[in-house]
Amino acid sequence: HKAKDELEKKDLRLTNLESKMIETECAMTELETTASQQLHGLAKQSGQALETVQKKLLLSNDKVEEFITFVKALTRELQHRVQELRTKIKQAKKMVEVRVCQKGLSQESVQLAASILNVSTTDLEEILEVEDDEEAAKAKMEFE
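Note that the working numbering numbers the sequence shown so that position 136 is 535, with each residue one more than the last.
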């Protein structure tokens with residue numbers, strides 16, 4: 400009778416252990432499923448994040464190319480304007496040189512013209528200076 404009671408206790412214990420083992424296996428399966436779902440979700444999020452970063456990188460590259468094109472165009476325009484200014488400066492220097500040369504030669508002409516016009520050389524020089532000032536103002540406006 401004692402052996403039978405012990406056998407029943409051991410049988411009950413075995414049934415409990417089997418039940419706990421099944422519960423543990425179910426819990427492990429549930430954990431594996433949850434972990435798998437979380438990993439899948441993380442992989443999906445990573446993929447989306449990577450896609451977003453790639454799109455932003457492409458957009459940034461486009462903007463960089465656009466900026467480079469702008470800078471090149473700006474550089475060409477600045478070079479063109481600098482060349483124009485250099486040309487105008489050379490022309491202005493030549494005009495000054497011509498005027499200096501003309502003034503040296505024209506002293507005799509001024510005296511002759513003053514005597515022909517019957518005015519003093521000072522009066523004639525004042526008349527000529529007004530004309531020179533007007534021409535200089537015109538040249539300055541053209542230069543600007």
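Wrong hints could be hidden among the right ones.
[Unchecked claim] Derived pair list, reagent style DSSO-like, types lysine-lysine, alpha-carbon separation capped at 27 angstroms:
| no. | residue 1 | residue 2 |
| --- | --- | --- |
| 1 | 471 | 455 |
| 2 | 409 | 419 |
| 3 | 443 | 455 |
| 4 | 443 | 454 |
| 5 | 454 | 471 |
| 6 | 487 | 537 |
| 7 | 462 | 487 |
| 8 | 537 | 492 |
| 9 | 471 | 487 |
| 10 | 419 | 489 |
| 11 | 408 | 419 |
| 12 | 493 | 454 |
Since the hints were derived computationally from the structure, they do not count as laboratory data.
Here is what the structure says about each hint:
For the given pair, residue 471 sits about 24 angstroms from residue 455 by alpha-carbon distance, which is consistent with the 27 angstroms threshold. Between the alpha carbons of residue 409 and residue 419 the distance comes to roughly 15 angstroms, so the proposed pair stays at or under 27 angstroms and holds. Between residue 443 and residue 455 the alpha-carbon distance is near 18 angstroms, which keeps this suggested pair within the 27 angstroms criterion. A threshold of 27 angstroms between alpha carbons decides the hint, and for residue 443 with residue 454 the separation of about 17 angstroms falls inside it, so the pair holds.
Proximity of residue 454 to residue 471 is assessed by CA-CA distance (about 26 angstroms); at most 27 angstroms being required, the pair is judged to hold. For the hint pairing residue 487 with residue 537, the CA-to-CA distance comes to about 13 angstroms; that is within 27 angstroms, so the pair holds. Only pairs whose Cα atoms come within 27 angstroms are accepted, and residue 462 paired with residue 487 is rejected, the gap being roughly 37 angstroms. Pair hint residue 537 plus residue 492 holds up; C-alpha atoms about 15 angstroms apart against a cutoff of 27 angstroms.
In summary, the hint linking residue 471 to residue 487 is supported, as the alpha carbons are separated by about 24 angstroms, within the 27 angstroms threshold. For the hint pairing residue 419 with residue 489, the CA-to-CA distance comes to about 102 angstroms; that exceeds 27 angstroms, so the pair is violated. Simply put, residue 408 and residue 419 have alpha-carbon atoms about 16 angstroms apart, close enough for the 27 angstroms limit, and the pair holds. For a cut-off of 27 angstroms, the pair hint linking residue 493 to residue 454 is broken: about 59 angstroms separates their Cα positions.
Of the numbered hints listed earlier, those contradicted by the structure are 7, 10, 12.
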